[in-house]
Every structure is written in C-alpha cells, then in structure tokens.
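Protein chains: 2
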Amino acid sequence: MRRYLEEKKSYVETILKRYLDELKYPEVIAEGMRYSVLNGGKRIRPILLLMVLELYDKDLNLGKSLAAAIEFIHSYSLVHDDLPALDNDDYRRGKLTTHKKYGEAEAILIGDSLLTHAFFIATKSVEGVSSEKLIKIISLIAEYSGIFGMIGGQMVDIESEGREVSYEKLKYIHKNKTGKLIKLSVEIGAILSEATDEEYSSLQSYAENIGLAFQIKDDILDIEGDFERIGKVVGSDLELKKTTYPSIFGLEKSKEILNQTLEDAKRSLRIFPKEKVKIFNELADYIGMREN
Amino acid sequence: MRRYLEEKKSYVETILKRYLDELKYPEVIAEGMRYSVLNGGKRIRPILLLMVLELYDKDLNLGKSLAAAIEFIHSYSLVHDDLPALDNDDYRRGKLTTHKKYGEAEAILIGDSLLTHAFFIATKSVEGVSSEKLIKIISLIAEYSGIFGMIGGQMVDIESEGREVSYEKLKYIHKNKTGKLIKLSVEIGAILSEATDEEYSSLQSYAENIGLAFQIKDDILDIEGDFERIGKVVGSDLELKKTTYPSIFGLEKSKEILNQTLEDAKRSLRIFPKEKVKIFNELADYIGMREN
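Heads up: the sequence lines are chains Y and U, in that order. Just so you know, we're using my numbering here: the first sequence kicks off at 63 and counts up by one. Just so you know, we're using my numbering here: the second sequence kicks off at 63 and counts up by one.
It is possible that part of the hints are untrue.
For chains that are exact copies, the list does not tell them apart, and a pair is met inside one copy or across any two.
Simulated crosslink set (DSBU-like; lysine-lysine; CA at most 35 Å straight-line) [what the hints assert, rightly or not]:
| id | residue 1 | residue 2 |
| --- | --- | --- |
| 1 | LYS231 | LYS79 |
| 2 | LYS86 | LYS304 |
| 3 | LYS231 | LYS86 |
| 4 | LYS198 | LYS317 |
| 5 | LYS120 | LYS304 |
| 6 | LYS237 | LYS120 |
| 7 | LYS162 | LYS120 |
| 8 | LYS162 | LYS315 |
| 9 | LYS303 | LYS163 |
| 10 | LYS315 | LYS186 |
| 11 | LYS340 | LYS163 |
| 12 | LYS233 | LYS86 |
| 13 | LYS231 | LYS186 |
| 14 | LYS79 | LYS303 |
| 15 | LYS195 | LYS237 |
| 16 | LYS86 | LYS303 |
| 17 | LYS338 | LYS162 |
| 18 | LYS157 | LYS195 |
| 19 | LYS195 | LYS317 |
| 20 | LYS120 | LYS303 |
Hint data in this document are derived by calculation from the structure and do not stem from the laboratory. In this text the structure is predicted, and so the values were computed from the model without any measurement.
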C-alpha cells in the first residue's frame, strides 16, 4: 500500500508541477501557488480519483486535469485556514505557512488564485470526456467545495470552537469540512468511468466512510499520537476544548467506531469483484493504522 | 441612459436575490453573501452582458445565470479587497464592509464562498446554451478572474503602493484589475449571441476601452470629485502616492486621454448599425460624465 501510494503521489506531483509551470506572473502569486501546492501533502484526494479510474481500467489521462483541480482546491483551503484570522498557524508540515512566507495580503490572493485556477484547469477539455460530463463535474466541484460543502463545514467548525457541540453538528462538520473533497474525488472518478447508479452509490458510500474514518483517526491521534510523527502538539484539541469523537464517546469507543466505519467502507464495495477493489480495502486498513 | 441603467439594475438584482435566497446554512455565510452582493453596486458588468444580448435580439434569460456569476465574482473581490491585510476599509458605499459586519475569518470564507458559488451558478444549464459553449464561458471566467486576470492586476496594484510605477505597469494593473471583468461580461454576451469573429473583436475592443475609461475617470474623480458624491476622501490617491493617469500625464492631458478612449470605444462598434448600438454609445458618454 505504502508503495502504491508513493508511486501515485509522484505521478500526481508531476501533473501538478506541469500546471504550476505555466504560471509566471505576477511572480509572487505564481511562486506562492507553487509553494502552497508542493508542500508535501499526501495527495489522497487525487489518488482516490485515479484509483477509481483504475478500478474501471480507464486511462489515467482521463482524470489528470481534474485530479490537479481538486488538489488546487485542497491547497487553497489550507492557505486560507492557516491565516491569522482563522487558525493562525505559522507552520504546516514543518514549513512556514504561505502567509508567513509571502505576507498576509499575498496569501489571501494566492488562495483565491488557487481556487480560481482549479476551475480553469477543470475546463481544459480532455479527450474522451464529453462537455456534458465536464459541466456535471464542474458543478459538483463547486457544490462540494462551497457553502454546500467544504466552506460550510469550515464555518461551522470555526463557530464551534471552545463550545460544546452536539454529535449532529460534529457529524455535519466532518462530513463537509474534510469529507466533501474526498467524496468529490471518488465521485468524479465514477462519473469519468461511467459507473452505473448502483456502483456510484457504493463508491460514494465508501468515500463517506473513509472520509469519516480519516477524521476519527485524526481525533484519536491528537490524544495518542507522537509529536514527532504527527508534527503538531498532541492534545491540542483538548486544550482548544474541541468537540471530537473521543470527547463525546471516550477513546475506546472511538476506536470501535473507527473500526466499524472502516468495515462499512469495505462492505460498500462488495458489489465489485474482490480482486478489483483490493487497493480500496488496503487504503481503508491503512487509514486505521496510520500514525501521522 | 440613467433610466435604462436603473431598469436593468433592478432586473439584475431580482436575479441575484433569487440565487441568494437558495442559500440558508451556515447562516453567517448565507447572510454574509447576501449582504456583500446586495450592497448597492451599479451592476455595470451584468448590465453589459445583457446589453450585448439585446444587441442581438436574444432572450435575456440566456444570460441570467452568467450575469449573476459575474456579479458574485465582483462582490467576492470587493470583500477580500476590503480586508485589513489588503485595503483595510471599514466602509463601502456608506455601509460597513463585510469583515466589519461579520468578522474577519467570516469575511474570508464569505468571499471564498461567493467565488465558488459563482462557478456553481455558471454550471446551471440554460436552455439554448450548449455544454460546449458553457465550458468555453466557464474557462473564460476562470481565466479572466484569476492569476491571468483580476487577481494578477490586484497583486501588482498592491505591490506598487507607495512606489513610482511605470506607465506599462499602470496599464497592466488597469487592464487586469478592473478591465478583465468588464471584458468578460461583454465577451460572454458575444459568445451567447454567437457573434462573428469580427463582431467579437469589435465588442472586445469596446469593452477594453470603456474599462480603461472607467479607470481614468476614477483617477480624475479622485482629484476633482466631490466627497459627498464619490463617498471617499478626495485626493486619497495622492496621499497614498499612487501612480495614476493624472500623476503621469497631468489632469488636462488625462481628460484628453479619457475622451480619446471613449471615442475609440464608440468607433469599435462602427461595424454595427448605428441604431443598434445607441445604448453602447450612451454608456460611453455616461462614463465620461459620471460624478461618482
């Protein structure tokens, strides 16, 4: 699994660099976009898109531009999240955050530019993808990353800081803030591959479950993790009085929910031949075991 | 002219409200988007799009969603421009700016949400617009509002504050920061109307010239304007040592350039029957005479 992820990650980064290389002026925006995108991320979202294409034995070229678009959107969301008015983080993955490196006004515009450019990239026609399909996909990108998706989750998360939050609200935050882009990646793969309705729902359910599992694991790592590995102060959620799975259910029960969620993810894919979804099942296990 | 603009403005605002009414949750994002869009703007961009449709005797419904998308993008750019890290403005058109009203983190997300939602609206299919055409239009929206357009101009404008700027750079700023969305509006109208290549270039040239004229007039008003009318401190460009047309050419010469630019705008449309472009010519005159 680790090797598969490394291989795909390097494929994704080659694509990202190609799009970033086209940007020259204004220098600070072009450089800042490059810095923010090439920051050592795991590229889980674009990789998921490619995994779905592979499940259908499709040419990966079909998803190149859209995989890049999703990663641009993910990157912009991190740049804006890190701003002083939001999370006020100075470092991300051991490197200065974009506003610390380029200035705050610049980081706002770099984020805006990444978001806008994601749509620019997404409109570039790809052989084998009809315009109808592309419009549907672009609509989904906008839906899942805006007020109906990621930004919605982000806003409710901010509002909830330092307050006790209901389980319902916690689910809304997880489902939208991190869940929607993961779901988006899988759904775009399914649209490009012309999945049947049944397959589409199965993949969607897989994505929802691994998105949730990813988040529960994050909450657990915040308590049990190792500073060296996760690269942030362990227990920071507790300090911020953040409502998390462990704060609602306790640590042991949270681990049970995590395992159950991963089982649900795997079960969602039962309609596919087992050997075809091996990598999806491995990814689920990997999420459960990851230490950073 | 004034009456025509008022009438079209109210048509545009009905459309904008309809899109805004669909947004409910998170409340602060939905309300903030509404507040930022319905802020008393002149709606010049969407009106230009509609003017082109009228020139071709097209149904205005054809451009409804795209007119709204452009205004959402214009609104997001104002919300982010006003932020403390950028222009740090507390008021816009006599009302509190979005971050003053809702908070800074909120304003960043409200702006992000407006930008994202513009693309969501743009993808909503309109009868009579093919998917191919829509993809072309969405690509143009992203191109003209991102690093290759508005954001590019905005960044260079910020970098240039308090410095002497070459005429070349001033032209780049004007062309991109304000010019590109004006050009975008006209070009979308031309694409929707299936303008010939010659007509397309003529309309494009008209848009470039009135965009530039609008900006030169702004520079002149900053010196000659009346505080009551333009709603900002007269002479603020001078104080900020901003390079403007008057600072390079002097006031009299700037007025000459303004008139010349408006003449160029009108001349661009000579290929159309005169009675069909009456309103375009009137708009050019109106820009020259406007006092706010």
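Hints, verified against the model:
Taking identical chains as interchangeable, the C-alpha atoms of LYS231 and LYS79 lie at most 35 Å apart only when they sit on different chains, with a minimum of 28 Å there against 38 Å within one chain. In this assembly of identical chains, LYS86 and LYS304 lie within 35 Å of each other by CA distance solely across copies; the values are 25 Å between and 41 Å within a copy. Taking identical chains as interchangeable, the C-alpha atoms of LYS231 and LYS86 lie at most 35 Å apart only when they sit on different chains, with a minimum of 16 Å there against 42 Å within one chain. Neither within a single protomer nor between protomers do LYS198 and LYS317 lie at most 35 Å apart by alpha-carbon distance, with minima of 37 Å and 48 Å respectively.
Proximity of LYS120 to LYS304 under the C-alpha cut-off of 35 Å is found in neither arrangement, the shortest distances being 42 Å within a copy and 55 Å between copies. With identical chains, the CA atoms of LYS237 and LYS120 are at most 35 Å apart within one copy only, with a shortest distance of 29 Å there and 43 Å across copies. Taking the closest pair of Cα atoms, LYS162 and LYS120 never come within 35 Å of each other, the shortest separation being 41 Å inside a single copy and 50 Å across copies. For the identical chains of this complex, LYS162 and LYS315 are neighbours neither inside a copy (39 Å) nor across copies (43 Å), given an alpha-carbon limit of 35 Å.
In this assembly of identical chains, LYS303 and LYS163 lie within 35 Å of each other by CA distance both inside one copy and across copies; the values are 29 Å within and 27 Å between. With identical chains, the CA atoms of LYS315 and LYS186 are never at most 35 Å apart, being 46 Å at best within one copy and 44 Å at best between copies. With identical chains, the CA atoms of LYS340 and LYS163 are never at most 35 Å apart, being 41 Å at best within one copy and 51 Å at best between copies. In this assembly of identical chains, LYS233 and LYS86 lie within 35 Å of each other by CA distance solely across copies; the values are 18 Å between and 41 Å within a copy.
Taking the closest pair of Cα atoms, LYS231 and LYS186 come within 35 Å of each other only across two copies (30 Å); inside a single copy the shortest separation is 37 Å, beyond that limit. Taking CA atoms no more than 35 Å apart as the test, LYS79 paired with LYS303 passes in neither setting, with 39 Å inside one copy and 38 Å between copies. Taking the shortest alpha-carbon separations for LYS195 and LYS237, both the intra-copy value of 25 Å and the inter-copy value of 34 Å come in at or below 35 Å. Proximity of LYS86 to LYS303 under the C-alpha cut-off of 35 Å is restricted to the inter-copy arrangement: shortest distance 27 Å between copies versus 43 Å within a copy.
In this assembly of identical chains, the alpha carbons of LYS338 and LYS162 never lie at most 35 Å apart, being 44 Å within a copy and 54 Å across copies at closest. In this assembly of identical chains, the alpha carbons of LYS157 and LYS195 never lie at most 35 Å apart, being 38 Å within a copy and 42 Å across copies at closest. Taking identical chains as interchangeable, the C-alpha atoms of LYS195 and LYS317 are never at most 35 Å apart, the minima being 39 Å within one chain and 50 Å between chains. Within a single copy, LYS120 and LYS303 get their C-alpha atoms no closer than 46 Å, and across copies no closer than 57 Å, so neither meets the 35 Å cut-off.
Taken one by one, the earlier hints fail for this structure at numbers 4, 5, 7, 8, 10, 11, 14, 17, 18, 19 and 20, listed in ascending order.
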